[in-house]
Amino acid sequence: MKLLYFAWLREKLGTSSEEVELPEEVATVAELIDWLQARGPRHAAAFAPENVVRCAVDQEFSTAGASIRHASEVAFFPPVTGG
Amino acid sequence: MARILVREADFDAGAELRRLAGPGAGGIGSFIGIVRSDPSAERRVTALTLEHYPGMTERALATIAAEAESRWNLIGCTIIHRFGRLLPGENIVFVGAASPHREAALAAAAFLIDWLKTKAPFWKHEAYDDGGAEWVAARAADERAADSWRA
Numbered sequence: 015m016k017l018l019y020f021a022w023l024r025e026k027l028g029t030s031s032e033e034v035e036l037p038e039e040v041a042t043v044a045e046l047i048d049w050l051q052a053r054g055p056r057h058a059a060a061f062a063p064e065n066v067v068r069c070a071v072d073q074e075f076s077t078a079g080a081s082i083r084h085a086s087e088v089a090f091f092p093p094v095t096g097g
Numbered sequence: 059m060a061r062i063l064v065r066e067a068d069f070d071a072g073a074e075l076r077r078l079a080g081p082g083a084g085g086i087g088s089f090i091g092i093v094r095s096d097p098s099a100e101r102r103v104t105a106l107t108l109e110h111y112p113g114m115t116e117r118a119l120a121t122i123a124a125e126a127e128s129r130w131n132l133i134g135c136t137i138i139h140r141f142g143r144l145l146p147g148e149n150i151v152f153v154g155a156a157s158p159h160r161e162a163a164l165a166a167a168a169f170l171i172d173w174l175k176t177k178a179p180f181w182k183h184e185a186y187d188d189g190g191a192e193w194v195a196a197r198a199a200d201e202r203a204a205d206s207w208r209a
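Those sequence lines, one after another, are chains Y and U. Position in the first sequence (first residue = 1) + 14 = our numbering. Position in the second sequence (first residue = 1) + 58 = our numbering.
I should point out that these hints are in silico values taken from the structure, not numbers from a laboratory. In this text the structure is predicted, and so the values were computed from the model without any measurement. No residue lacks a Cβ here, since even glycine has one placed at the ideal position from N, Cα and C. Among the hints, a few may not be true.
Using C-beta positions, here's what the derived DEER-type ranges look like [said to hold, decoys possible]:
(1) Lys16(Y) to Thr121(U): 19 to 25 angstroms
(2) Glu100(U) to Glu35(Y): 46 to 52 angstroms
(3) Asp96(U) to Trp49(Y): 27 to 33 angstroms
(4) Glu39(Y) to Ile90(U): 46 to 52 angstroms
(5) Pro55(Y) to Arg143(U): 26 to 32 angstroms
(6) Arg102(U) to Pro93(Y): 20 to 26 angstroms
Build out the structure end to end from the sequences listed, making use of the hints.
Pasting the structure below:
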């Protein structure tokens, strides 16, 4: 699965994307965040509970409970500030 | 069919308005967002850099335009959003809606920018005259404005 990061999340992680192989039990956005937090200190800091992080699954805004079972691309980013 | 453009290059608002003035149009509502730099602010903005999510951005803007077209009788609908590094006073965004009558044109233009602010994947990064730089925080007022259009 391809993960994408934008804005300060990209900066904190030091990368705009990564490919990951997820274990079977990681099936939702919330579970993916838990899994990422355990990946290393950078991920733990970026996904710390005090940070407000939004998500898109296959380019659709999604919430923590959304399934990622058949997703090919999941993106994490701060609340949007365009316009 | 809405006109959706996401690009670094500037736009010509006059040309966009003329393009919206098609057969059947009786009025055009539009909004142009520009880079703000408040001269009285403690830290003055010297540049604004806009990041976006290529692919999702175009889809999100098309969805917003389609929602406007379903709510009002529109002859034309345009959303142009720039990305990259912009200077104070430069254009950021153009939204425009043409309709047989003014109510729909004005309402649709307000709707387009209100929804765009909370439903399109753009992020603003400001650089200041003291050498600092920060990601712009989302505003609760923008969320309330978008919510006010909930049918």
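Hint check:
Judged by the Cβ atoms, the range 19 to 25 angstroms given for Lys16(Y) and Thr121(U) holds: they are separated by roughly 22 angstroms. At about 48 angstroms, the CB distance of Glu100(U) to Glu35(Y) agrees with the hint of 46 to 52 angstroms. Range check, Asp96(U) to Trp49(Y): about 43 angstroms between beta-carbon atoms, so the 27 to 33 angstroms window is missed. Checked against the given bound of 46 to 52 angstroms, the beta carbons of Glu39(Y) and Ile90(U), roughly 49 angstroms apart, stay inside it.
For the hinted restraint 26 to 32 angstroms between Pro55(Y) and Arg143(U), the CB-CB distance of approximately 31 angstroms keeps it satisfied. At about 25 angstroms, the CB distance of Arg102(U) to Pro93(Y) agrees with the hint of 20 to 26 angstroms.
The structure is inconsistent with hint 3 alone, although it conforms to all the rest.
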